[in-house]
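Going line by line, the protein sequences match chains A and B.
Counting from 6, one number per residue, gives the positions in the first sequence under this note's numbering.
Counting from 4, one number per residue, gives the positions in the second sequence under this note's numbering.
It should be emphasised that the hints constitute simulated quantities derived from the structure, not laboratory data.
Just so you know, not all the hints are guaranteed correct.
[Stated by the list, open to error] Estimated spans, in silico, between C-beta atoms of each pair:
#	chain 1	residue 1	chain 2	residue 2	range
1	A	Val-59	B	Ala-129	22 to 32 Å
2	A	Lys-8	B	Ser-30	31 to 41 Å
3	B	Gly-245	A	Lys-143	21 to 31 Å
4	B	Thr-191	A	Leu-142	29 to 39 Å
5	A	Lys-143	B	Pro-52	27 to 37 Å
6	B	Phe-8	A	Glu-269	36 to 46 Å
[Unchecked claim] Using 30 Å as the maximum straight-line C-alpha spacing, the simulated BS3-like pairs for lysine-lysine come out as follows:
#	chain 1	residue 1	chain 2	residue 2
7	A	Lys-222	A	Lys-195
8	B	Lys-210	A	Lys-143
9	A	Lys-88	B	Lys-51
10	B	Lys-54	A	Lys-87
11	A	Lys-54	A	Lys-268
12	A	Lys-22	A	Lys-268
13	A	Lys-88	B	Lys-54
[Said to hold, decoys possible] Over 10 Å on every C-beta distance to chain A, these chain B residues come out as not near it, computed from the model:
#	residue
14	Phe-6
15	Phe-40
16	Ile-72
17	Phe-78
18	Met-137
19	Leu-144
20	Met-149
21	Leu-151
22	Val-221
23	Phe-235
24	Ile-265
25	Phe-266
26	Phe-272
Computed from a predicted structure; not experimentally measured.
Every residue, glycine too, gets a C-beta built ideally from N, C-alpha and C.
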Amino acid sequence: MIKVNNLRKTFGEEDKKVIVLDDFNAHFEAGQITSILGGSGSGKSTVLKHLIGVYQPDSGEIIIDGDPMVGANREGLVRIRKKFGVMFQSGALFNSLTVEDNVALPLREHTDLNETTILIMVKMKLEMVGLRGAEHLKPSQLSGGMIKRIALARAIALDPKIVFYDEPSAGLDPISIGVIDKLIVDLSKKMRITSVVVTHEIPSAMRISDKIIMLYKGKIIAAGSPEEIRNSEDPRVQQFINGSPDGPIPFSKSQKDYGEELKEMRFS
Amino acid sequence: MRFFFGFIGHSAFQTWAVAENFFKEISGMYYLTRATFYCTFIEPFRGKPNKWKPVWTQMEEVGVKSTTIVFLVSFLIGVILAFQTASQLARLGALDFVGALVGVSITRELGPLMTALVMAGRVGAAFTAEMGTMKVSDEILALETMALNPVKFLITPRFIAILVMLPCLTIMADAMGILGGFMIGVTTLGIDPIAYFDRSVEAMVVKDVVTGLIKSSVFAVIIVMVGSYMAFIIEGGAEKVGENTRTAVVVSMILIIIADLIFTSLFFFVT
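Pulled out of the complex, with its shape left as it was, chain B reads as follows (with noise of 0.2 Å):
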């Protein structure tokens, strides 16, 4: 019986801990998005102006060089979709409608997704190796005692670059994925050209792209500051940055996953 209510009490206090951890995280990554939004918004009026090299150099980092996957990824997922709706939807004979499907789902959802999936995996776990190195190396300690804020200097450019990237990669990642849809839709599935695009202009609207872009903005602030605040945290050596990086991109794609869910479902009741 004692281990019996032991067992109980220690459970209790072990769940205890892991909450109270847990809501540390919170608080902490909150203050963090609010140094950093204050660092970016409200400092420049305030007579400590942005400098825009840095956020050029991240820009190129995050955007430039993240095109090619976020082609071929949101590429072949519409080429996937295309595919797999194609045999439903040909049993009853609105075969034509694969193009308004592909679409649809693509500017809707698949496209800010897949985007931001993987950007959190390229870019938000970039953030944290190279900012926990600079932690680990006490790189980020000098930056303070240099009187520079480390939120400023480190973080901005990256928020700023990313905030401006993710959604011009999410517009490319929907014009990709559609055209991969057409491509497979019009050889290899033989539908008539103008009727898959009449098909597709007739469902898709402007406000699916932009709801899909408000998504990836969202998304693009839990990249950065998830992938920043690991990184922060950072005490000890190589092997917590490591850890921290794993832990960065899997938080992050689980809050992004998280985030769409109440974005759709907001969406659906106002709408």
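So here's chain A without its partners, still in its complex pose (with noise of 0.2 Å):
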């Protein structure tokens, strides 16, 4: 469904470049459930932002649905865009219409459905997600939890073939973190629906995943089902893992050695 290949990404000018994005390869089945997992600044949103068109990458090409990504003109990614839909990790409702017109939105805007029509569609996503009967709240009246599934709601408002998930689970209590990952599940399974779900809630990536790719400073340093993410012997995958402070990721996110920079301090 998704095909990514050798897809590269620096950003900054010449003498600060930064590398986030090195050799990314990955194939996204259609029906299941691929997360992609990594510490915060690995990498995982940047490709999250390659996959819905919103950065170019410097190399490398993404393909999905059979439509190139890479260098589509404005119409190409109107057409590829309609394919699938993003839940935000911040729900990214729009705060000045109410939860109806927010699942309405896609409707309105793309199909010739008439008014009567819409009102039942949206009724029926939200069903899906369980929230029938919220539909003339404000964004600002609903909890976390309640915005990430009309998040969800608006993102199958046009019945995508894909769905992306920026960290479904981010703040959320436990039992939300559930009601989330049924409702991947339910989607990917019932509707055929390919779901790639950017995360590092690990716990949740074992529970609902076909596969899992661990990035680890633009790099993949493992791919594969859960249970080969479990039996990885690679020391950063069980760090990872088991959220140990210290190992082959390190402690410290300085790129300077400590002692040099304390003996470059000039003190007047």
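Could you fit the two chains together into a complex? Lean on the hints.
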């Protein structure tokens, strides 16, 4: 469904160039849930931003449902974007609109359905995420978990083939995490939606994924089924799974040596 | 000596960086304006019609709700003008001409200018703050990934609304300013109402009002484009929203005055 080949992305100018993504290859299969795992700054959000066409890579290609994303013109990008839905970390609901209008927005803008049909479809989507009855609330009146569920309802409003989830369980209580996990699995199994989940929540990723890709410093360090990841012998993978503060992935994020930096300080 | 040249070099580089930044902003604003014109005036004729509901909402927000402040400001400007000029004109024995002076300066200059400045503060700031918050909370990103053009979805309704409403408000401001001058002229200053009216009508020509309206539509474009551009370039958090809102108001006020100067000199030489 989605093929990513040799994706490479750098930020910054010549001397301060930072490689955020290096030689990223992945194949997201139809109807399966693939999780991209990694710590903060590992490049997983960058991967997502490439997949939804916000960033252009330095090199490499992305093919979504047979359509090349890299170098697509405006119409091409619109055509590809109609094939997928995105659930953002913050939900990114439109605060000025009610829940109903939020979910109805893609339908109103991209289809010629009449208003009654749209409202019926909105009700169906809200029932799918278990929030029928919240139509006339504003996003500011909803809890964090509810916002994510509405965001999911909006992402699937156009019945896309693919749904991208950006940190679906960040900042939620365990029950809400469970609910979101169940929704992701249900959608993917019952409606054959290809799901790409970007997360750092190990237990939930282990529960729902068919395949896990683990990133560290812009490189894939492990890929495979949850079982394979759990049994991986790579110490970095083990450290991430166990959440140890120190190990092959160092505790200090500083680039420079501590002693050197102290020596360079000038005191007047 | 080394320090001296070092200082010169440093300043030169700094000036260059500022200039480069300035031209980057200008070109960014140019591209956004072009995209907005395309979405507003050309795309509807290529099979993507505008939605009118958000335009009505914005018109109410931009126009109807601004009437009170615009009326108040222009009325008071009329009153102030009448007071300020009365003593000077009285020395020449030309008190009757207060009406003409107020009428001409309001329709030619102060009506469009004051309305635009008030709206830059009221509406321009609201545009930047609202769209900037949307940008910060990923709502604009969400629009893009839903294959909706943020320019068409957010800027076009505001653009149409202010382009229609600012000239309307300007006409009302002209009327209120003249009314303010008239009220003070015939009461406190004791000018004969008929004479006041006659002198005003003699002096004012339709051309003045029309040039005022042309200017106000240019001011409208400045307010909405600066406001939107400052919102769309926001990266980061709430702090940036505040900063860019302030910049948007300051920049649009300066640009309005500069545009006013250009137009005034243009009309001065051409007509």
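Exercise for the section: Sort out which numbered hints this structure fails and list those numbers smallest first. Expected result: 4, 6, 7, 8, 11, 18, 19, 20 and 21
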